[in-house]
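**Student:** Below are the chains, spelled out letter by letter.
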Amino acid sequence: MPDLSINFAGIKSPNPFWLASAPPTNSGYQVMKAFDAGWGGAVWKTLGVPVVNVSSRYGGVNYRDKRLIGFNNIELISDRPLSDNLREIEEVKKRFPHHAVIASLMVQSRQEWHDIVRASQDAGADGLELNFGCPHGMCERGMGSAVGQEPNVLRTIVEWVMEVATVPVIVKLTPNISDITEPALAARQGGANAISLINTIQSIVGVDLDQFSPYPIVDGQGTNGGYCGPAVKPIALNMVKNCAQHPGVQLPISGIGGIENWRDAVEHILLGASSVQVCTAAMHFGFGIIREMTSGLEQYMREKGFQTINDMVGRALPNVKHWEELNLHYKVTASINEQKCIGCQLCYTACEDGAHQAIRLNEGTRVPEIIDENCVGCNLCSLVCPVEECITMERRDDGTRHETWQQRTLAGNIPSEFEDERAGGRHHWVPEPAAALGKEKHKTLPGKARQFETVPASPQIVSE
Amino acid sequence: MAEYSPPTTEQEFQVNFAQLKPRMNRTEAMLESSRCLFCFDAPCIQACPSGIDIPQFIRQINTGNVTGAARTIYEANYFGNACGKVCPTEVLCEGACVYNLQDVKPIEIGRLQSFATRAQMDSGEALFGPGTPTGRRVAVIGAGPAGISCACELRALGHEVDVFEAKAQPSGLTVYGVAPYKITNEETLAEMAYLQGQFGYTVHYNAPIASRADVQKLEADYDAVFLGIGLGSTSTLGLPGEDRVGCVGAVEFIEQLRQQHHAVAVGRRVVVLGGGNTAMDAASESARMGAEHVTLAYRRSKSDMGAYDFEYDLAKGVGVEGLFNVAPVEITGNGKVEGVRFVRTATTGGQVQPVPGSEFVVPCDMVIKATGQSKQTVFLGLIEGLQLDAKGRIILDSRTGQTTNPRYFAAGDAGNGGAEVVNAATEAKVTARGIHEYLMSLK
Ligand SMILES: Cc1cc2nc3c(=O)[nH]c(=O)nc-3n(C[C@H](O)[C@H](O)[C@H](O)COP(=O)(O)OP(=O)(O)OC[C@H]3O[C@@H](n4cnc5c(N)ncnc54)[C@H](O)[C@@H]3O)c2cc1C
Ligand SMILES: Cc1cc2nc3c(=O)[nH]c(=O)nc-3n(C[C@H](O)[C@H](O)[C@H](O)COP(=O)(O)O)c2cc1C
Ligand code: SF4
Ligand code: SF4
Ligand code: SF4
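Protein chains in written order, with the working numbering: chain E, 1 to 464; chain H, 1001 to 1443.
Please note that the accuracy of each hint is not assured.
[As the list claims (entries may be wrong)] Here are the computed lysine to aspartate or glutamate pairs in the EDC-like style, where the Cα-Cα straight-line distance is at most 16 angstroms:
(1) H:LYS1217 to H:ASP1162
(2) E:LYS439 to H:ASP1041
(3) E:LYS340 to H:ASP1103
(4) E:LYS66 to H:GLU1028
[Claimed, not checked] The following residues of chain H were derived to be distant from chain E, with all beta-carbon distances above 10 angstroms:
(5) PHE1013
(6) GLU1160
(7) GLU1186
(8) ARG1212
(9) ASP1221
(10) SER1233
(11) HIS1261
(12) GLU1338
(13) VAL1343
(14) GLY1350
(15) PRO1406
Keep in mind that the hints were calculated from the coordinates and are not lab data. Ideal placement from N, C-alpha and C gives every residue a C-beta, glycine not left out.
Construct the entire structure; sequences and hints are all you get.
**Tutor:** Set out below in structure tokens:
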């Protein structure tokens, strides 16, 4: 039976799933309800200076029939009185002594930091998370991402906090920066016990086509907000990996960003996170999603033979390399399983228009054919194919040769001009440009009245 | 076996004849349009006789450009809304959808098509309009799918059009023949009003062209004449007792049903003769009208039936029973229908032969003959030089629709011998281009 419990930088919780500091952790009521549902921990909605919120506050990115694949907000930190929040933290801790309650904090001066850290500890918080990430509203007041983007300021504030902190301190990083390891290193230098990432990404999720205003709309106007939800996972994973791989950071990582199910959580963990935090998914589907997450994680651990979460942390990291360390001799080409192919020909158009003209259509069948000598193995066709495992990428090299760009560079074996035999493009034909003309025309055109091309075509259009 | 009680009010009729392809709401249209793969050289387009760019209009629906979707549909087929509902999509576009090959439900192309066109009709906003006047005039005989499509396209090309229709409503069999669970009168007529509003042709109702004099008047007044007359009434079988009360033709029965709804009476026990789609319709419809027992009698085996499988399934689904390898020899009864005397048949070498001594009677109080529509040969005989083929179809040039009398053009059931609405609408549109070519070549 796998053990889901974790000890994250000294903060213990029955499972690695925490609610991120956000609306779901705005009150004791919500946090208790979440723990009751099975969540392992909660990072309280950020406590700090008095704020005023606007309405509306959220914008969504819908994709085809899917709602909220991306989400953004222009909300500030907690607008509830600090004393209420602290009292409720205390109450939650009484009822749930073994769950993790982490106070998220954001204030300005050294004195304010000292005061709020002490107050949170007194209330019973198991840990502190310093919010250096909020990309809207607070940064204008010199807090949030304004701090997260200045490693020196960040380190100083962490030092202030460490002067009085008696519980583990997590620094929450903003992704609105070109190199995430810089603030991560500053957090380490300041003495933080852990980092969490990512906070939201500065964004405009869309523009209202009628009101000419970005979402969310506040009385006809809007502003940039913070982006999160499933769409940000790739960015979060990359940043988690960067921090986990950096030899100078060496801190436990709480992975945040686009986690909606157990698979997303495992991905964060395999890239180095040892706890995960969830916001959008809980806002979208409620606390009940935790049941699927814990059961999925448990099943996965059972199948892979992992006893503890720690066994999994960072397991994918050794395979994340720099480009110049990849094997240049490894070669795959696409292969179509004719039995599975449904003849949609999406692979044909993708390769024809978007890749390397390595797929051909043949008379009498809708199953396309790969032109092996022109397939560069880019993968596009297999990505667009709507049928599971219909297009597979088959290995074509014999597996005996392994040479990286790095090795070539060291051996002085790199092409110096495009005519060089060793340059890649030389062995790849492209059709003559003129062959493109008229090619789309063999497609069935609307209205089979094509015989009548000689007479004026469609009726004249009035409403345009 | 009666599943339906006889409808006594319009509401009850509507319940018994609930739409097979009800209108989609926006959520449904969004979900369904999301599934379309946007296939290259899409098989669904190839399977559609009118060649509507299906992936294009589905994507337009999905991006909220419903007007654009309606335009894509109407550019290919003026009966876009009706076709979405009445087309045998199971064997046309939806039957060709690549999802079938994965045993996944194909995209509901027909319903999406009606969704977009209906939204456009409801908006009242015109998509097309008449072209620059050419001064040429065309008479269109018949306001069915063929006649109306031809009129729309001719108006778009700038010609003046007068439509002469024998009946009181436009759209031909779409309002007089298609089963009421496929489309309602309201739906059909709304599309007709929408088209006429945009293109501005004139329709003369209750105006049959019936005599040599009528024909000559058209020839004098118009530069060309389009024949969109469809087929005729149900052909007679020549059986003894065929004239008994309660023995009716399917086309006539269905027309009455479409027009008078619950006011139509059906028998308690009904025998439908035939194995085509019309037979399936008539059988389903009698069952939905509350007949206690409906028997579908066909002279060959089930697999030999001309009807689409899904049409037979539909009939079976409402309790119709099939009786195969039987031929009617007499309608029995005393003034009124009391039964049908059948003889069993055997098919040898493709020939249906009666099995001697195997006669039996199926008691019933109504017989519906769904054994084919006659051709309008008498009327067509009034037109000079107009040639018909051996099956009574008008001979025409497939590219232009021109008949053997150069001033006459034809399309739809009258030319193809009886097909679907989509064929009539498409052929007529093509033919309108042929008429245009002809008119513009006149000095
Ligand atoms: C019972 C039945 C069910 C059907 N169900 C379907 C279905 O579900 N789906 C489908 O796609 N197709 C169906 N069809 C076929 C479809 O209805 C026809 O293919 C289509 O209507 C043909 O169009 P048309 O314009 O050629 O002829 P029609 O629709 O027959 O129109 C001809 C018009 O011309 C008028 N007319 C005829 N002669 C004259 C004259 N001399 N003067 C003035 N007017 C005249 C008629 O009154 C009629 O309005 C069905 C047919 C039948 C009989
Ligand atoms: C409405 C909203 C309010 C948030 N407020 C805070 C906050 O007060 N403090 C904080 O550290 N992060 C805040 N966040 C960021 C989340 O904690 C989290 O870092 C981010 O949403 C990414 O995770 P997700 O993809 O699971 O949503 C907020 C996010 C949202 C959507
Ligand atoms: S994308 Fe896949 S299913 Fe579609 S034609 Fe290509 S191989 Fe076949
Ligand atoms: S792998 Fe790339 S190049 Fe090869 S066939 Fe597929 S899309 Fe074309
Ligand atoms: S075949 Fe199906 S999936 Fe492909 S374009 Fe047509 S409707 Fe869409």
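**Student:** All the hints need checking, so say for each whether the structure fits it.
**Tutor:** Here is how each hint holds up against the structure:
1. About 13 angstroms separates the Cα atoms of LYS1217 (chain H) and ASP1162 (chain H), which keeps this hinted pair within 16 angstroms; it holds.
2. At roughly 12 angstroms between alpha-carbon atoms, LYS439 (chain E) and ASP1041 (chain H) fall within 16 angstroms of each other, so this suggested pair holds.
3. For the suggested pair LYS340 (chain E) and ASP1103 (chain H), the alpha carbons sit about 11 angstroms apart, so the restraint of at most 16 angstroms is met.
4. The straight-line distance between the Cα atoms of LYS66 (chain E) and GLU1028 (chain H) is roughly 13 angstroms, inside the 16 angstroms bound, and the hint therefore holds.
5. The Cβ of PHE1013 (chain H) sits about 36 angstroms from the closest Cβ of chain E, beyond the 10 angstroms cut-off, so the non-interface label holds.
6. Here GLU1160 (chain H) stays apart from chain E, with its beta-carbon at least about 15 angstroms from theirs, past the 10 angstroms limit.
7. No Cβ of chain E approaches the Cβ of GLU1186 (chain H) within 10 angstroms, the least distance being about 25 angstroms, so the stated non-interface status holds.
8. With a least beta-carbon separation of about 33 angstroms from chain E, ARG1212 (chain H) lies farther than 10 angstroms from that chain, consistent with its non-interface assignment.
9. With a minimum CB-CB distance of about 25 angstroms to chain E, ASP1221 (chain H) clears the 10 angstroms threshold, and the non-interface call stands.
10. The beta carbon of SER1233 (chain H) sits about 31 angstroms from the closest Cβ of chain E, which is more than 10 angstroms, so the claim that it is off the interface holds.
11. Every Cβ of chain E is farther than 10 angstroms from the Cβ of HIS1261 (chain H); the closest lies at roughly 36 angstroms, confirming the non-interface assignment.
12. No beta-carbon of chain E comes within 10 angstroms of the beta-carbon of GLU1338 (chain H); the shortest separation is about 50 angstroms.
13. Every beta carbon of chain E lies more than 10 angstroms from that of VAL1343 (chain H), the smallest distance being close to 45 angstroms; the non-interface claim holds.
14. At roughly 30 angstroms, the least C-beta separation between GLY1350 (chain H) and chain E is larger than 10 angstroms, which holds for a residue marked as non-interface.
15. With a closest Cβ-Cβ approach of about 17 angstroms to chain E, PRO1406 (chain H) is found to remain outside the 10 angstroms limit, as its non-interface label requires.
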